[in-house]
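Note that the sequence shown ends on residue 523 in the numbering used here; no numbers are left out.
Don't read these hints as lab results, they were simulated from the structure.
As the structure is a computational prediction, the values presented were derived from the model and not from experiment.
Even glycine gets a Cβ: it sits at the ideal position worked out from N, Cα and C.
Possibly wrong hints are sitting among the right ones.
Have a look at the derived ranges for each label pair, beta carbon to beta carbon [as the list claims (entries may be wrong)]:
| # | residue 1 | residue 2 | range |
| --- | --- | --- | --- |
| 1 | Ser279 | Ser132 | 44 to 54 Å |
| 2 | Glu174 | Pro140 | 24 to 34 Å |
| 3 | Arg135 | Ser162 | 27 to 37 Å |
| 4 | Gln489 | Arg199 | 19 to 29 Å |
| 5 | Asp258 | Arg354 | 23 to 33 Å |
| 6 | Met175 | Ser132 | 19 to 29 Å |
| 7 | Lys123 | Pro71 | 24 to 34 Å |
| 8 | Arg86 | Arg354 | 22 to 32 Å |
| 9 | Ser134 | Ala256 | 38 to 48 Å |
| 10 | Met175 | Arg199 | 39 to 49 Å |
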Amino acid sequence: MLARNRFLLLVVVGGAALAIISLSLQFLNLIPITPIVEERPFQAADRGAGVPLGKSRKRVFPVPHTEEPNPISEAYGYCNTPNRTEQAWEGHSPADYKLLSVQVMIRHGDRYPLYSIPKTKRPAIDCTLSTSRKPSHPLLNTFISHMGLGGHGHWESPLSSVPRLPNHSACEMGELTQTGVVQHLRNGQLLHQAYKRHNLLRSDWLPRQVWVETTGKSRTLQSGLAFLYGFLPDFDWTKLTVRHQWSTLFCGSACDCPARNRYLEEEQRRQYRLRVSDTELERTYVDMARTLGLLTRQLRAANPIDSLLCHLCHGISFPCVPMGDSGTKQCLTMAQFAVIRRQQLDDEVDRRRVGLYHKYAILAMYPYLNRTATKMERVARDNVAGRQPRAGGEEVFTLSSAHDVTMAPLLSALGLEEARFPRFAARVVFELWKSPPVMQGQPKKRASKGEKSKVKDGELFIRVLYNGEDVTFHTTFCRSHDRHASQPLCPLKNFLSFVRRDMFSLVNATSYQEACFRRPG
Numbered sequence: 003m004l005a006r007n008r009f010l011l012l013v014v015v016g017g018a019a020l021a022i023i024s025l026s027l028q029f030l031n032l033i034p035i036t037p038i039v040e041e042r043p044f045q046a047a048d049r050g051a052g053v054p055l056g057k058s059r060k061r062v063f064p065v066p067h068t069e070e071p072n073p074i075s076e077a078y079g080y081c082n083t084p085n086r087t088e089q090a091w092e093g094h095s096p097a098d099y100k101l102l103s104v105q106v107m108i109r110h111g112d113r114y115p116l117y118s119i120p121k122t123k124r125p126a127i128d129c130t131l132s133t134s135r136k137p138s139h140p141l142l143n144t145f146i147s148h149m150g151l152g153g154h155g156h157w158e159s160p161l162s163s164v165p166r167l168p169n170h171s172a173c174e175m176g177e178l179t180q181t182g183v184v185q186h187l188r189n190g191q192l193l194h195q196a197y198k199r200h201n202l203l204r205s206d207w208l209p210r211q212v213w214v215e216t217t218g219k220s221r222t223l224q225s226g227l228a229f230l231y232g233f234l235p236d237f238d239w240t241k242l243t244v245r246h247q248w249s250t251l252f253c254g255s256a257c258d259c260p261a262r263n264r265y266l267e268e269e270q271r272r273q274y275r276l277r278v279s280d281t282e283l284e285r286t287y288v289d290m291a292r293t294l295g296l297l298t299r300q301l302r303a304a305n306p307i308d309s310l311l312c313h314l315c316h317g318i319s320f321p322c323v324p325m326g327d328s329g330t331k332q333c334l335t336m337a338q339f340a341v342i343r344r345q346q347l348d349d350e351v352d353r354r355r356v357g358l359y360h361k362y363a364i365l366a367m368y369p370y371l372n373r374t375a376t377k378m379e380r381v382a383r384d385n386v387a388g389r390q391p392r393a394g395g396e397e398v399f400t401l402s403s404a405h406d407v408t409m410a411p412l413l414s415a416l417g418l419e420e421a422r423f424p425r426f427a428a429r430v431v432f433e434l435w436k437s438p439p440v441m442q443g444q445p446k447k448r449a450s451k452g453e454k455s456k457v458k459d460g461e462l463f464i465r466v467l468y469n470g471e472d473v474t475f476h477t478t479f480c481r482s483h484d485r486h487a488s489q490p491l492c493p494l495k496n497f498l499s500f501v502r503r504d505m506f507s508l509v510n511a512t513s514y515q516e517a518c519f520r521r522p523g
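Whenever a hint applies, use it, and build me the whole structure from the sequences.
What follows is the structure in structure tokens.
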């Protein structure tokens, strides 16, 4: 009983800590990136020539800036407004490689603010869905109809009571908007196009082959369903089970980790010290509070950047308040918004320098990464040459619908600390590939009568993509791999060694258990 109470206490404390750091991390970009010219589309001829598409492209991590980033243009990138053509590099490989599985983590799409600024009007946004309102999508109407059949699906508690569509004409706090739905219809459709030639899932796919999981928030559930519908239009509800992840870290039964919570608390103290030492930020908060007739501490507690970003993303003027009886108004300004954004970017530089968040991320995301590795191993075993596949198949497609406080530590744990902070509807994709089988010995020599040719089974490789860009060779486990070797992709064994052992070297341990429960000293 004592052990159980201790576990529940740690869960409550850990949950509260995550909620706090969510405020600190929200809308914080991990690195500012200048606009990059689109590369040429992938050509069919490239695949036939066996082009080593596993290597990284410069546009993912450009040369560091010589000038300060523009906080406003960077904020528009965070909005991820679905009004442009996007190139997806998922599904690309050397010729004749076989795609065995895909595991996707998404951040929910555009949402209404979680906080309101006192004494101001909330942004007027309609959270019902309508094909006559922009942004829209060709699949939106059939998606709405298909969600009406969701009662035929299987839902882990408490998901069956969560609405499958946003449905308030005046958005509720944190509710997914139509923009958020469209973002994930597009995401799912992009991956549908990317993988359809690989026959990842047949039209008669089996229930075990598709795994969908989400937190209990309506915005993650609805985002996951929109993505899934874009990926598998008109999917069979009776085959689908939607599973509930009670922790935003997707840590399942392995969430108890005291050391992780300590690193998080130290990281929060670092953030606080940097923030209170920023005199320009303090002056800005004082000016904003004076404009609205608030105490400065009231304004800070309202996390104004959350609401201001919603105004920016939806093209709504920043909040104003009337000045007495004169009929004039005082408004919050873009310059004030830019100061808050600038400080967040400064904080990111300091965060990478100190390294506490990276240690937190390693322990926070080990359970998810270990589960990802285990699924890959099961699929690989099911595809060994000459072996009878398991009845019902393995999980060849996994979708995890999550939050910024899930995806940000995932990127950090993988060593992608230079990557952008997860925008609305961001996606991380893990692909498992198998090379073609090869003949052992001398391939040109014909086997004599009675001899059997020896065929070596294909090797296994992993690709990691972030928002459609291949970032595999920026990860910790494949940064030093020779991309110009005979195999241009990253060996799966690198990833397995990283997850099972190497990643813990950062915290001077050899296992998750040791890293979490070793006494500090």
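Tell me if the beta carbons of Lys123 and Pro71 are separated by a distance inside 24 to 34 Å. Taking Cβ atoms as reference, Lys123 and Pro71 lie about 31 Å apart, which means the hint holds.
I want to verify a distance hint. Is the separation of the beta carbons of Arg135 and Ser162 within 27 to 37 Å? 29 Å, holds
Assessment of proposed distance window 39 to 49 Å (beta carbons of Met175, Arg199): Cβ of Met175 to Cβ of Arg199: about 42 Å, so the range 39 to 49 Å holds.
Whether the CB-CB distance between Asp258 and Arg354 falls inside 23 to 33 Å: 28 Å, holds
Outcome of range test on Cβ distance (Ser134, Ala256; 38 to 48 Å): For Ala256 against Ser134, whose Cβ atoms are near 47 Å apart, the range 38 to 48 Å holds.
C-beta pair Ser279, Ser132: status relative to the range 44 to 54 Å that was hinted: 47 Å, holds
State, for the Cβ atoms of Glu174 and Pro140, whether the hinted interval 24 to 34 Å holds or is violated. 28 Å, holds
With 19 to 29 Å as the target window, see if Gln489 and Arg199 comply at their CB atoms. Holds - the Cβ-Cβ distance for Gln489 and Arg199, about 22 Å, lies within 19 to 29 Å.
That 19 to 29 Å hint for Met175 and Ser132 (C-beta), does it hold up? Since the Cβ atoms of Met175 and Ser132 sit about 21 Å apart, the hinted range of 19 to 29 Å holds.
Indicate whether the distance between the beta carbons of Arg86 and Arg354 respects the range 22 to 32 Å. 29 Å, holds
Hint compliance for this structure: every hint is met.
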